[in-house]
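Protein chains in written order, with my numbering: chain A, 1 to 280; chain B, 1 to 280; chain C, 1 to 280; chain D, 1 to 280.
One or more of the hints may lead you astray.
One copy or any two copies: either way a pair holds, since identical chains are not told apart in the list.
[Claimed, not checked] Quick list of in silico lysine-lysine cross-link-like pairs, DSS-like style, CA-CA up to 30 Å:
#, residue 1, residue 2
1, 275, 223
2, 275, 121
3, 269, 118
4, 263, 96
5, 275, 147
6, 263, 121
7, 147, 223
8, 239, 275
9, 275, 118
10, 239, 263
11, 223, 31
12, 263, 147
13, 118, 147
14, 263, 118
15, 269, 121
16, 31, 239
17, 147, 36
18, 118, 223
19, 17, 121
20, 31, 17
Rather than coming from a laboratory, the hints here were simulated on the basis of the structure. Owing to the predicted nature of the structure, the values given are computational and were not obtained by experimental measurement.
Number of protein chains: 4
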Amino acid sequence: MMADVELIVDVPRLEEKLLLEELGRSGLRFKLTNAKYTPLAWGERPAEIALIRAVSMQRAAYCAAIRESSGARTINSAEAIIIAGDKILTLSRFWKAGIPFPETMIALNGEAAERAEKMVKFPVIDKPPIGSWGRLVTLVRDSQSFKSVIEHRELYQSQALKTHLIQRYIDGGRDLRVLVLGEEVLGAIWRSAANGDWRSNVARGGVVEVAELDEELRELALKVSSVIGGEFIAVDVFKEDGRYLVNEVNGVPEFKGFMEATKINVPRKIVEHVKGILRR
Amino acid sequence: MMADVELIVDVPRLEEKLLLEELGRSGLRFKLTNAKYTPLAWGERPAEIALIRAVSMQRAAYCAAIRESSGARTINSAEAIIIAGDKILTLSRFWKAGIPFPETMIALNGEAAERAEKMVKFPVIDKPPIGSWGRLVTLVRDSQSFKSVIEHRELYQSQALKTHLIQRYIDGGRDLRVLVLGEEVLGAIWRSAANGDWRSNVARGGVVEVAELDEELRELALKVSSVIGGEFIAVDVFKEDGRYLVNEVNGVPEFKGFMEATKINVPRKIVEHVKGILRR
Amino acid sequence: MMADVELIVDVPRLEEKLLLEELGRSGLRFKLTNAKYTPLAWGERPAEIALIRAVSMQRAAYCAAIRESSGARTINSAEAIIIAGDKILTLSRFWKAGIPFPETMIALNGEAAERAEKMVKFPVIDKPPIGSWGRLVTLVRDSQSFKSVIEHRELYQSQALKTHLIQRYIDGGRDLRVLVLGEEVLGAIWRSAANGDWRSNVARGGVVEVAELDEELRELALKVSSVIGGEFIAVDVFKEDGRYLVNEVNGVPEFKGFMEATKINVPRKIVEHVKGILRR
Amino acid sequence: MMADVELIVDVPRLEEKLLLEELGRSGLRFKLTNAKYTPLAWGERPAEIALIRAVSMQRAAYCAAIRESSGARTINSAEAIIIAGDKILTLSRFWKAGIPFPETMIALNGEAAERAEKMVKFPVIDKPPIGSWGRLVTLVRDSQSFKSVIEHRELYQSQALKTHLIQRYIDGGRDLRVLVLGEEVLGAIWRSAANGDWRSNVARGGVVEVAELDEELRELALKVSSVIGGEFIAVDVFKEDGRYLVNEVNGVPEFKGFMEATKINVPRKIVEHVKGILRR
Numbered sequence: 001m002m003a004d005v006e007l008i009v010d011v012p013r014l015e016e017k018l019l020l021e022e023l024g025r026s027g028l029r030f031k032l033t034n035a036k037y038t039p040l041a042w043g044e045r046p047a048e049i050a051l052i053r054a055v056s057m058q059r060a061a062y063c064a065a066i067r068e069s070s071g072a073r074t075i076n077s078a079e080a081i082i083i084a085g086d087k088i089l090t091l092s093r094f095w096k097a098g099i100p101f102p103e104t105m106i107a108l109n110g111e112a113a114e115r116a117e118k119m120v121k122f123p124v125i126d127k128p129p130i131g132s133w134g135r136l137v138t139l140v141r142d143s144q145s146f147k148s149v150i151e152h153r154e155l156y157q158s159q160a161l162k163t164h165l166i167q168r169y170i171d172g173g174r175d176l177r178v179l180v181l182g183e184e185v186l187g188a189i190w191r192s193a194a195n196g197d198w199r200s201n202v203a204r205g206g207v208v209e210v211a212e213l214d215e216e217l218r219e220l221a222l223k224v225s226s227v228i229g230g231e232f233i234a235v236d237v238f239k240e241d242g243r244y245l246v247n248e249v250n251g252v253p254e255f256k257g258f259m260e261a262t263k264i265n266v267p268r269k270i271v272e273h274v275k276g277i278l279r280r
Numbered sequence: 001m002m003a004d005v006e007l008i009v010d011v012p013r014l015e016e017k018l019l020l021e022e023l024g025r026s027g028l029r030f031k032l033t034n035a036k037y038t039p040l041a042w043g044e045r046p047a048e049i050a051l052i053r054a055v056s057m058q059r060a061a062y063c064a065a066i067r068e069s070s071g072a073r074t075i076n077s078a079e080a081i082i083i084a085g086d087k088i089l090t091l092s093r094f095w096k097a098g099i100p101f102p103e104t105m106i107a108l109n110g111e112a113a114e115r116a117e118k119m120v121k122f123p124v125i126d127k128p129p130i131g132s133w134g135r136l137v138t139l140v141r142d143s144q145s146f147k148s149v150i151e152h153r154e155l156y157q158s159q160a161l162k163t164h165l166i167q168r169y170i171d172g173g174r175d176l177r178v179l180v181l182g183e184e185v186l187g188a189i190w191r192s193a194a195n196g197d198w199r200s201n202v203a204r205g206g207v208v209e210v211a212e213l214d215e216e217l218r219e220l221a222l223k224v225s226s227v228i229g230g231e232f233i234a235v236d237v238f239k240e241d242g243r244y245l246v247n248e249v250n251g252v253p254e255f256k257g258f259m260e261a262t263k264i265n266v267p268r269k270i271v272e273h274v275k276g277i278l279r280r
Numbered sequence: 001m002m003a004d005v006e007l008i009v010d011v012p013r014l015e016e017k018l019l020l021e022e023l024g025r026s027g028l029r030f031k032l033t034n035a036k037y038t039p040l041a042w043g044e045r046p047a048e049i050a051l052i053r054a055v056s057m058q059r060a061a062y063c064a065a066i067r068e069s070s071g072a073r074t075i076n077s078a079e080a081i082i083i084a085g086d087k088i089l090t091l092s093r094f095w096k097a098g099i100p101f102p103e104t105m106i107a108l109n110g111e112a113a114e115r116a117e118k119m120v121k122f123p124v125i126d127k128p129p130i131g132s133w134g135r136l137v138t139l140v141r142d143s144q145s146f147k148s149v150i151e152h153r154e155l156y157q158s159q160a161l162k163t164h165l166i167q168r169y170i171d172g173g174r175d176l177r178v179l180v181l182g183e184e185v186l187g188a189i190w191r192s193a194a195n196g197d198w199r200s201n202v203a204r205g206g207v208v209e210v211a212e213l214d215e216e217l218r219e220l221a222l223k224v225s226s227v228i229g230g231e232f233i234a235v236d237v238f239k240e241d242g243r244y245l246v247n248e249v250n251g252v253p254e255f256k257g258f259m260e261a262t263k264i265n266v267p268r269k270i271v272e273h274v275k276g277i278l279r280r
Numbered sequence: 001m002m003a004d005v006e007l008i009v010d011v012p013r014l015e016e017k018l019l020l021e022e023l024g025r026s027g028l029r030f031k032l033t034n035a036k037y038t039p040l041a042w043g044e045r046p047a048e049i050a051l052i053r054a055v056s057m058q059r060a061a062y063c064a065a066i067r068e069s070s071g072a073r074t075i076n077s078a079e080a081i082i083i084a085g086d087k088i089l090t091l092s093r094f095w096k097a098g099i100p101f102p103e104t105m106i107a108l109n110g111e112a113a114e115r116a117e118k119m120v121k122f123p124v125i126d127k128p129p130i131g132s133w134g135r136l137v138t139l140v141r142d143s144q145s146f147k148s149v150i151e152h153r154e155l156y157q158s159q160a161l162k163t164h165l166i167q168r169y170i171d172g173g174r175d176l177r178v179l180v181l182g183e184e185v186l187g188a189i190w191r192s193a194a195n196g197d198w199r200s201n202v203a204r205g206g207v208v209e210v211a212e213l214d215e216e217l218r219e220l221a222l223k224v225s226s227v228i229g230g231e232f233i234a235v236d237v238f239k240e241d242g243r244y245l246v247n248e249v250n251g252v253p254e255f256k257g258f259m260e261a262t263k264i265n266v267p268r269k270i271v272e273h274v275k276g277i278l279r280r
C-alpha cells in the first residue's frame, strides 16, 4: 500500500509531533521517516505528498530533492527550501521581483567585509547567509566591533559562515511573522525581543502577540511566497515608518509561537491543505 | 560606460588568466572583479554578461545570484552552479530526466550510513555531496573501512561533509570529460588515474588524452547540460560495458587538461559565444 | 567554612554520581563545581583537595591548573592530565623511562604521514594524539586506505586531529586496563572488542572480565603512574607473546566496567585515599 | 656524524632563515628538519641541542617532547612551550609564583562566560587560551558585544577556542616585549598599536621602539622565564601607573621587530648561547 503522505523529520520538535497527531486523526495513509536514521534512494516509490520537516536546512533540501525527483509533491520544494534557506539567494529573488528589504551589502570574504565596513553607517546588522533562530546575527555599533566580528568569522571552516550580509539596522525591537499556506495567508504575529536579547526570535525568548493583517501585508506575503516558490512558508517583515520591509523567509517554518498568539491550529490547516491536493 | 562582460574570480587559475587575455584581445568592454576583495550589492548596474569563475562553489553561486537579479546574464546561472555543485541535487535531476548514473544511496547522517552499509556490496565509493577534485571521494573495500570513514566524517562541522553518497564502484581507472558550451559539445577527453591514486582528476595527476565523441555521448552531454540548466559545463561520464553512466557535472569547469589533449582553444570559444549573445 | 574536597565535573557520568554519593556518606566537607557553568578565578580559596572529573581533557587540565596554583592538591595534577591526555607526550615519557610500547612513528602533517606510510608495514593503527574512547583510532590495512585516512584528517581544523601516530598493530582483540590509585594498584581487567568493532573500549561495547595482576604488570603500572605523575590513573596494556606493551594512559579514568568486573568499589577507594591525605 | 644542533621548523619565517645563516657561519655541525614533511620517531639519535622553531605551538611541543625524550636538550623544553603556549597554564604559574598580571576570570564554556559577564566591569579583554599575534583577542565594551563574542566562539569545534579568559583592559595602547636567553635579558622594546588596530602585535603592524630596561623589569623577566622553565622566551608586559603587569609569554618568540628596534643580533646571541652549552 502506498502512503498518501510521508512526514520526513530529523529532530522532531513540538511542530512535528502535532503534525503527526493530526495525520493520525486524518484518515490519511501516512508514514514517518527520520532522515537521520534512514538511508534514502531514488526509485523508492514515494508517497504522493512529502511534508519536509527536517530542522537542518541541508537535510530538508536533500529529502525534498530526492522525493521530488521520484515523483512526489513536496511541501516545500527543494528549490523553495534552498532559496529560503540562504539569505543571499532570498534577497536576490526579492530584488528581481521588486520586494522591498533593508539595504544590504554582501562580502564573500574578510577582506571584502573590511572594505564594506568603510561604506556603511553604523549600527549595522552583520549575519551569515545561512542559519536559523538569529544565530550569529550581530548588531554592530562601531568599526572596531565589526573588525572583531570579521576576525571571529574568518576562523570558521564553512565558506557560508565566512560570508557577510551587512544590513541597515531596523530599530524597533520587533518584527512581524506571517504564515502562508498555499494561496492562503494564515495570519500574522508580532515578535518582540526579550530576555535581554535584541533579537525577536521565539527560540531566543521573543514574546509573541497577534498582529493585524492588512491588505498590503497580505499581498506582500503572497508575493514573497510566490517569488520563493513556497507552499508553506513564514515571511519575516519589519515595519518602518508605516512601510513594510521583508527581512527573511523560512522554508521549514516553526509555528509554536504563532499558534499560541493566534489560536490557529496550523497542523490541522496543513493536513486540510494536503487533503485538498489529494482530492484533485 | 557599461561593460559588456564582467569576469568574476576569487583565486585566478590558468583558466581565468587565459580568459582574461582572450577578453583583452576581443574588443569587448570588460571588467575584472575579484569577489574576495570586492563587496557586492544589488542595484549596481551590471555588465550584460557575467562570466562566473570563482573556485569556491558557494562564492560562484552568490556572485551569479546577485548579478542575475540585477539583470545580467550569467554563465552559468546561480541555479546551474548550485545544482551542479551538489551531487545529490545533480543526481535528483538525472533521475527525473532518466539520465543513467551509477546506483547510489544517500545517508544524511552517520547512523543512516551504518544502515546503508548493510545494504551495499563492496567495493563502493563514498563521497560527500560537495567538493571538487575528488576530495574525500573514497574507495571503500570492506565494512570496517567504511565504519572508519563514517567516524572520520562525523567529526566535520559541516552538515554537507557528514552526508554520504554511497555509490557502486565503476572499475576501469578512467572516465570521460565532455565540455558543453551553449548548444555545442566542444569535445571529450579520457582522464586516467595516475600517481598511485585511483581517481582520475587532473588536479590529482590524472593523465588526459583526446576521446572520440560518438553521437550517443554527444546527445547525452547536451541532455545533461539542459537538465542542469548549464551554459558552460563539464560532464563526467563512465563507460561500462559499452554503456554511458554520468558521474557528475561541473558548473565552473576547469579546462586546462582538456585544452592540452584536444588543442581546442576553450577561452576563445567562450569569448566567441559571449559575442554571439551580445550580437543578438 | 572551607571544604575538604571539591569535586569538579562538566558532564557528570555514572562515575561522578557514585563519587558524589560516596562523598555524601564520608563525613567530609565537600562541594560540587560544574565547570561548564561556573567561572573560575585564581585566588578563590580552594578546597584542600580537588577531584578533577571533567570529561573534556582540556577542561580537566584547566581546572587542575587553576586549583593547584591556588594551593589545592589536585587529583590528578594538571601536568599528569596534560601528559596522559596526549599520546605523543605520554610516549615521550615512556621512551625516556624505558617503558615498552608498540613501535610508533609520528607525522605532524599530511605530507609527513605520506612519507611515513612508505616506511611502515601494514596493518597499522593510525590515531590522533588526543581523544578518548578510541575515537578516530583506525586499523589501516593498506596504502590506499591510509591515503584516504590522511585526506580525511587534513580537513579538520584542529592541528592535533591532523597529527598522526602510526603504530604497529597488536593483534589479539583485547587489552588490559589497570587502575592505579596513589601507591596502590587496584586491579586489572581484560577488555575485549565486541559489537563488530575491533576496538576494546568499554564505551564501544567492549566486554570486560577480571584479569590476573601478576607482579610484572603491577610494577609496570606503578612505574607508568610515577612517570606520568599520576595519582589516580588507568593504564592500558597489550600482552603480546607473554610481554607487556603499554598502549596509553588515562588521567581522568572511567571505571564503570572495572567495577563491574572486579567488584571493587572504586569511589570508596578514592574517598578513603582522600581521607588518608587529609589526615596527614 | 652526529649533529651538534638540529633546527626544527615548519613554516620558516625571517627568524628561522637568519638562524640558519648564523648556524652556517658558526662552524657547528647542524641539520635542518622541517616537521611538516619529516616523520619523527623516538630512538633516532638526536643532535645534542634542538632549536625548536615551529610556528604551530602544538607542532613545536611535539618536536620538543620527542627530541627531549631521545636525549637532546631542546630550546625550549616541551614543558616551557606548552605552558607558554596556553594562557591559562601561564597565568596559573604566575599566580603561584606571585608574578603580577591583570585580573582575569576563566570561563570554560559559553554558559560560564555569560555568568562571568555579570561580574566584570567593562571594557574587558576577551581571549582564548591559545593563539598568537593577538588572534581573537577582543576588546569588549559592553554586555551585548560580549554576548555576541560568546555566540561566535561557541560555534568553534576546538574546546580551547570556546574557552574565555576575561581580563581587565589595560589602557595605554602599548606594551613591553622583553627577550630572555638563558640567564641573560637581551633587551626590551615598546610595541605600540597602529593601523587602526588597538593591539600592539608586530604582526598587526604594531610600531616598535627600544625601551629602557630597568632593574625591576629585568628581574621580573628573569623570574617569569624561570617560572615557565624557558631558555629563550619573550615576556609581554604592561606598565600601568608605574607598575609592571605581565600579560603573556611566548615560547617560540618572533624577534624581527626586536632586532630592528634594538639592533641586537638575536640569532648570533642564540648561536653563541648554543656554543656555550656545547663547550660545557
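Intra- versus inter-subunit Cα pairing at 30 Å for residue 239 with residue 275: neither (35 Å within a copy, 46 Å between copies)
Alpha-carbon proximity context of residue 263 and residue 118, limit 30 Å: neither (47 Å within a copy, 38 Å between copies)
Alpha-carbon proximity context of residue 31 and residue 239, limit 30 Å: This pair counts as neither: shortest intra-copy Cα distance 41 Å, inter-copy 39 Å.
Alpha-carbon proximity context of residue 275 and residue 147, limit 30 Å: neither (52 Å within a copy, 42 Å between copies)
Status of residue 147 relative to residue 118 across identical chains (alpha carbons, at most 30 Å): both (11 Å within a copy, 24 Å between copies)
Homomeric proximity label, residue 275 with residue 223: Cα distance no greater than 30 Å: within (24 Å within a copy, 36 Å between copies)
Status of residue 36 relative to residue 147 across identical chains (alpha carbons, at most 30 Å): Answer is between; shortest inter-copy Cα gap is 16 Å, intra-copy 38 Å.
Alpha-carbon proximity context of residue 263 and residue 96, limit 30 Å: Classified as neither; 35 Å inside a copy, 41 Å across copies.
Within, between, both or neither: residue 17, residue 121 at alpha-carbon 30 Å: Classified as neither: same-chain Cα gap 45 Å, cross-chain 36 Å, threshold 30 Å.
Within, between, both or neither: residue 239, residue 263 at alpha-carbon 30 Å: within (23 Å within a copy, 59 Å between copies)
Within, between, both or neither, where residue 223 and residue 31 count as close if Cα-Cα is 30 Å or less: Neither way: residue 223 and residue 31 sit 32 Å apart in one copy and 35 Å across, limit 30 Å.
Intra- versus inter-copy proximity for residue 121 and residue 269 (alpha-carbon distance at most 30 Å): Neither. Shortest intra-copy (44 Å) and inter-copy (44 Å) distances fail the 30 Å Cα cut-off.
In this structure, the hints that do not hold are numbers 2, 3, 4, 5, 6, 7, 8, 9, 11, 12, 14, 15, 16, 18 and 19, in rising order.
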